[in-house]
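Residue numbers (my numbering), protein chains in the order written: chain A, 1 to 159; chain B, 1 to 758.
Note that these hints are calculated values from the structure, not bench results.
Possibly wrong hints are sitting among the right ones.
Pair by pair, the computed Cβ-Cβ distance ranges are [as the list claims (entries may be wrong)]: (1) B:274 <-> A:44: 30 to 40 Å; (2) B:477 <-> A:151: 31 to 41 Å; (3) A:115 <-> B:749: 32 to 42 Å; (4) B:477 <-> A:44: 43 to 53 Å; (5) B:130 <-> A:2: 38 to 48 Å; (6) B:75 <-> A:18: 45 to 55 Å; (7) B:213 <-> A:72: 54 to 64 Å.
The beta carbon of each residue, even a glycine, is placed where N, CA and C say it ideally should be.
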Amino acid sequence: MQKVNIIIEVNGKKISEAIEPDMTLFDFVRAHGCYSVKCGCETSNCGLCTVFLEDKPVLSCSVLAVRADEKRVTTLEGLQEEAAEFGAFIADQGAEQCGFCNPGLIMNALALFREIEFPTEEEIKEYLSGNLCRCSGYEGQLRGIQDFLSWKKEKGVRA
Amino acid sequence: MKTVNQSIRKKDAMQLVTGQPVYMDDIAPKDCLVVKLLRSPYANAIVKTIQTENAMKLPGMEAIYTWEDIPQDAKRYTQAGQTYPEPSPYDRLLIDRHVRFVGDVVAIVAGQDEKTVDQAMKLIKVEYEVLEPLLDFHVAKDNKILVHPEDNWESLCPVGADNKRNLCAHDESSEGDIEKVFAESDVVIDHVYHTKACQQTMMETFRTFCTMDAYGRLNVVSSTQIVFHCRRIIANALHIPKSMIRVSKPRIGGGFGAKQTSVCEVYPAYVTWMTKKPAKIIFTREESMTASSPRHEMEMHVRLGATKEGIVKGIDLYTLSNTGAYGEHGPTTVGLSGHKSIPLYGKAEAFRFVNDVVYTNIMSAGAYRGYGATQGLFAVESAVNELAAKLHMDPFVLREKNIIHEGDVMPAYYGQVNTSCALDKCLQTVHDMIDWDHKYPVRDMGNGKVRSVGMGMAMQGSGITSVDVGSATLKVNDDGFYTLSIGAADMGTGCDTILAQIAAEVLDCTMEDITVLGADTDSSPYDSGSYASSTTYVTGKAVEKCALQLKEQICKLGAELLGCDVTTVEFDGKNVSTGAKRISLEDIATASMCGHSIALEATVTNTSEISPPPFMVGAAEVEVDLETGETKVIDYVAAVDCGTPINPNLARVQAEGGILQGIGMALSENITYDALGHVAENSLMQYKIPSRMDIGHIRVAFESSYEKEGPFGAKSIGEVVINTPLPAVADAIYNAVGKRFYELPITPEMVAMSDKNV
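With these hints in hand, go ahead and build the complete structure from the sequences.
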């Protein structure tokens with residue numbers, strides 16, 4: 001197969017490479033050390049492979065890497081401070097459990113908080129409905145998210 | 001208590017939430033050969049010829065192994081992770097010429113990358129002699145089609161197995177005269193219940209990588225719950241000495257019992273052993289759905305006799321279990337369907353429990369959280385709910401009249417005494433929390449929807465009695481920090497953390513003072529592994545005892561340094577002191593590394609002669625759309641008696657997660673086969689595990705008894721939590737639409753088309 005030249009900005013770093021045209025964005029980011037990105041299903045059902053493409057969450061298993069040409073891609077490796085800040089609230093519930101779905105969940109939750117600063121319970125559930133988790137039953141994740149939002153609100157008031 | 005019974009963050013939590021590379025594929029060498037399996041398209045066939053030459057011509061191909069490479073008359077093995085001698089029959093070869101289900105292994109294919117291997121698989125030509133498959137487990141026993149006709153099939157334990165009858169196991173147990181009890185009963189409930197081969201569906205599929213180490217030994221890094229059993233399984237499959245194998249586990253992306261079977265390890269192990277090159281296998285989700293280790297499909301015939309006052313006088317259960325093409329966990333799961341359901345009813349005067357486990361030409365079953373108890377409790381608890389309805393009695397009231405209490409002997413639980421039990425309190429708590437009296441049985445919401453409630457009870461065990469072994473090694477390092485080595489596998493459950501909490505409680509130190517070294521056959525003390533609800537209870541007790549022993553060692557060296565008798569010293573976690581004299585742990589640790597010969601290290605192994613059951617009560621409030629049949633659990637309330645919760649947060653999340661898995665089994669997770677033995681639900685597109693839109697809220701309370709044999713009063717939690725939703729949701733649906741369902745899942749179609757509803 002004829003290789004294709006692409007330039008993708010991954011977590012602020014420009015990567016120029018000749019790739020196979022059928023390479024997925026998932027394979028591309030993992031090949032460049034973004035190991036937080038996981039694959040759980042191959043059928044775009046589980047949400048584990050969520051990354052930002054131009055700041056919008058996408059399922060990287062279902063996006064060709066060539067579609068990210070000349071674009072910005074962000075993974076959890078590029079959002080470490082935000083991940084730790086929000087993730088601590090999930091951890092305080094013990095809701096991270098096996099952790100395998102966490103990066104995808106946290107990416108999508110961060111996307112949610114950027115779109116809706118203080119989402120309601122329904123909005124949280126709906127926005128994150130594509131992020132499957134088999135360990136937690138979702139309840140602990142929800143508590144963690146709501147605790148984080150309360151903390152954020154309080155911090156905002158105090159600031 | 002300072003650390004036990006505290007909701008402490010998991011030790012690995014921040015690494016996990018920030019996405020650090022800690023799982024198998026994150027740490028596998030980049031030059032691993034990619035290993036894939038060519039699988040049979042037929043449910044029962046003999047490989048006549050197999051041509052691999054064209055495939056091997058592809059640049060980058062390393063090896064293709066077929067049945068011709070594997071002696072067909074060699075000793076067989078089982079992939080079940082169980083204590084030797086395994087009750088599961090030795091019925092597998094690494095590659096068998098006789099393929100026994102759609103997905104059985106025909107060839108092991110290894111090449112430099114995925115694309116090469118995928119292409120090679122298409123170039124392998126296989127000619128099959130297609131045989132008639134045995135797909136209906138009702139007719140499997142003594143069928144003319146034999147799933148395992150071979151003479152080198154072997155059963156190591158007296159479990160009633162007979163390959164010439166398609167029997168993986170058979171057992172009978174009873175007490176009292178059950179027929180007499182039924183003859184004297186005012187009411188007899190008599191039904192057959194059916195549960196499917198549901199998938200654990202952990203988010204990380206099966207995966208393993210292997211390398212050769214500096215000593216020429218096979219180094220296996222696998223997402224497994226059972227490192228020690230895995231070492232034996234690989235040795236048996238490859239026919240190499242166990243001394244040549246090391247198995248360790250990285251972080252595991254979920255297990256739920258799936259990884260208590262060595263589903264994938266033997267294949268890259270064989271490739272690395274043969275080629276001496278690093279190799280890895282990662283199952284696709286499709287492989288994890290079609291060729292793995294799901295729950296045993298069971299059909300349970302319950303007969304339950306009671307007085308008109310609602311006293312359950314006798315339970316008769318016949319369980320038919322479908323182990324599929326291979327017998328992993330077949331002989332053992334079935335026992336729980338009776339032994340962990342019947343004992344809940346303490347007033348019964350007789351019981352009978354008979355079971356058959358049969359081979360068929362579908363994917364092999366394995367271990368899934370609940371391990372047969374889930375199936376049996378659906379049947380027995382549903383029958384009890386039906387009894388309550390028949391007697392016009394509130395199901396809570398009926399339970400209160402019948403339940404087992406602390407101190408009771410449980411004839412159907414191997415005659416063990418119920419040493420710790422708060423089941424009565426669990427009933428009361430759930431009853432009040434869900435506001436049962438206002439919601440039972442059903443409320444019309446006036447919009448084509450009704451809301452109804454249903455309930456169920458459950459028990460499980462805490463480890464396998466006098467079989468499971470848990471161990472811990474603790475040592476003191478420089479500065480006085482501790483290393484805790486365990487052979488139990490944290491698969492996300494948090495056992496690394498709760499075991500450290502137990503050690504910290506005894507040693508009077510902080511959680512930061514203890515580092516945990518996870519399961520590794522070369523360095524961990526022996527542990528059966530993380531299954532059978534054993535880790536907190538069995539390994540946890542080992543940790544407690546070990547910490548006490550280490551404390552003695554610390555005192556011994558402390559006394560030597562202080563120049564006094566050891567009986568006069570005390571250790572408070574920071575200092576060893578006698579009168580006004582004291583020496584710090586740091587100084588003792590330093591001294592232990594210079595000119596002293598008292599080891600600041602201890603190893604303790606623990607086993608238990610009892611398996612104290614955790615108990616649970618759950619109640620579901622469902623909303624049913626009478627038009628579409630759509631059913632949603634809008635509120636699930638549960639109370640758990642797991643003894644002392646070592647870490648209430650982690651225990652709570654175990655409960656919430658288990659409950660939602662149970663709800664999935666009750667409402668949406670289906671497994672169906674076509675006439676040729678292909679499973680339809682082969683992706684997360686068809687196999688619907690609950691999303692967060694499928695559940696309202698789950699609320700969990702703890703009603704803790706105190707188990708004297710457990711660490712700080714603890715029993716198990718991991719498995720019991722999946723059991724109550726099945727009968728609770730089924731009864732709630734009955735209360736909504738007036739029809740009983742005896743088969744799971746109860747789909748919207750079934751509800752919408754039910755006669756009563758129509």
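* Which of the listed hints are not met by the structure? -> 7
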